[in-house]
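> Read off the chains here:
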Amino acid sequence: AQSVTQPDIHITVSEGASLELRCNYSYGATPYLFWYVQSPGQGLQLLLKYFSGDTLVQGIKGFEAEFKRSQSSFNLRKPSVHWSDAAEYFCAVGAPNTDKLIFGTGTRLQVFP
Amino acid sequence: GAVVSQHPSRVICKSGTSVKIECRSLDFQATTMFWYRQFPKQSLMLMATSNEGSKATYEQGVEKDKFLINHASLTLSTLTVTSAHPEDSSFYICSALDRSTGELFFGEGSRLTVL
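Those protein sequence lines, which keep their order, are chains A and B.
Each residue of the first sequence is one higher than the one before, counting from 4 in the numbering used here.
Each residue of the second sequence is one higher than the one before, counting from 951 in the numbering used here.
Check the hints yourself; a few may be wrong.
[Said to hold, decoys possible] With a straight-line cut-off of 30 Å between C-alpha atoms, the simulated DSS-like cross-links for lysine-lysine are:
(1) 64(A) <-> 1016(B)
(2) 71(A) <-> 52(A)
(3) 103(A) <-> 1005(B)
(4) 103(A) <-> 52(A)
(5) 970(B) <-> 991(B)
(6) 964(B) <-> 71(A)
[Stated by the list, open to error] To spell it out: a stretch of chain B is covered by chain A in this simulated footprint if at least three of its residues, at any positions, have a beta carbon under 8 Å from a beta carbon of chain A; those stretches are:
(7) 988 to 994
(8) 1042 to 1054
[Said to hold, decoys possible] If you anchor each label on the Cβ, the simulated ranges turn out as follows:
(9) 953(B) <-> 15(A): 31 to 37 Å
(10) 1023(B) <-> 14(A): 40 to 46 Å
(11) 65(A) <-> 1061(B): 39 to 45 Å
(12) 18(A) <-> 1011(B): 37 to 43 Å
(13) 1024(B) <-> 17(A): 45 to 51 Å
(14) 1004(B) <-> 32(A): 25 to 31 Å
To be clear, the hints were calculated from the coordinates, so they are not data collected in a lab.
All C-beta atoms in this analysis are idealised placements derived from N, C-alpha and C, irrespective of residue type, glycine included.
With the sequences and hints as input, model every part of the structure.
Below, the structure written as structure tokens:
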């Protein structure tokens, strides 16, 4: 069965520091992988996605993620965090033959000035 | 870009009443929509897949008679929480699939509080 693990429940960084949010997945083949961001009381906004091809994916707001098949990981990175990046981040996995997404438990990012 | 709108964004109701939440795709036709439930500080749990013109497909453990889903048009799906109880209080989020791009767009969510 598909599953997604986000090991870090809460991360705190200083503004301007680099960021890496971890995501590990379990799936028998190459899944579709997504990162979403959720601001308090809001829906989800897609940051980036990986279907195939180049394993380094560029997204919106300066985020990128790298698919590493050997590690079953799809970690999200940003070189310099802004205070407005404070939010909840969800990694999700979808099977190519279905439209359903399975979400990780999320990582709450707090940014200090 | 494509937008998915949910209404109402917040609703408070008395125990025993029914509440309807709407999910609309504004810029595209969505034959498939999804309903999620999110508990405080937790992830999104898929409740059901809403298919235009046919019955919804519910995930295991989700009561069909409790959470009625209707997808009567290509731009609207509704979730009705019947005979609501305090334990139904939650944040409900819908998403709509734009098949022309393969992208999934999420609504802003609806916070239900049952007194």
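> All hints, please: hold or fail.
Verification of the supplied hints:
1. 64(A) <-> 1016(B): violated, 39 Å
2. 71(A) <-> 52(A): Roughly 14 Å separates the two Cα atoms, so the pair holds.
3. 103(A) <-> 1005(B): Satisfied, since the Cα-Cα distance of roughly 16 Å is no more than 30 Å.
4. 103(A) <-> 52(A): With a Cα-Cα distance of about 14 Å, the restraint between residue 103(A) and residue 52(A) holds, given a limit of 30 Å.
5. 970(B) <-> 991(B): Between residue 970(B) and residue 991(B) the Cα gap is close to 24 Å, so the pair holds against 30 Å.
6. 964(B) <-> 71(A): violated, 49 Å
7. 988 to 994: Coverage by chain A holds here, the residue count being 4 at a Cβ distance below 8 Å.
8. 1042 to 1054: holds (count 5)
9. 953(B) <-> 15(A): 31 to 37 Å: Given a distance of about 32 Å, which is inside 31 to 37 Å, the answer is holds.
10. 1023(B) <-> 14(A): 40 to 46 Å: Roughly 42 Å apart at Cβ, these two residues keep to the hinted range, so it holds.
11. 65(A) <-> 1061(B): 39 to 45 Å: About 30 Å separates the Cβ atoms of residue 65(A) and residue 1061(B), which means 39 to 45 Å is violated.
12. 18(A) <-> 1011(B): 37 to 43 Å: holds, 42 Å
13. 1024(B) <-> 17(A): 45 to 51 Å: holds, 47 Å
14. 1004(B) <-> 32(A): 25 to 31 Å: Once the Cβ atoms are compared, 28 Å apart, the range 25 to 31 Å for residue 32(A) and residue 1004(B) holds.
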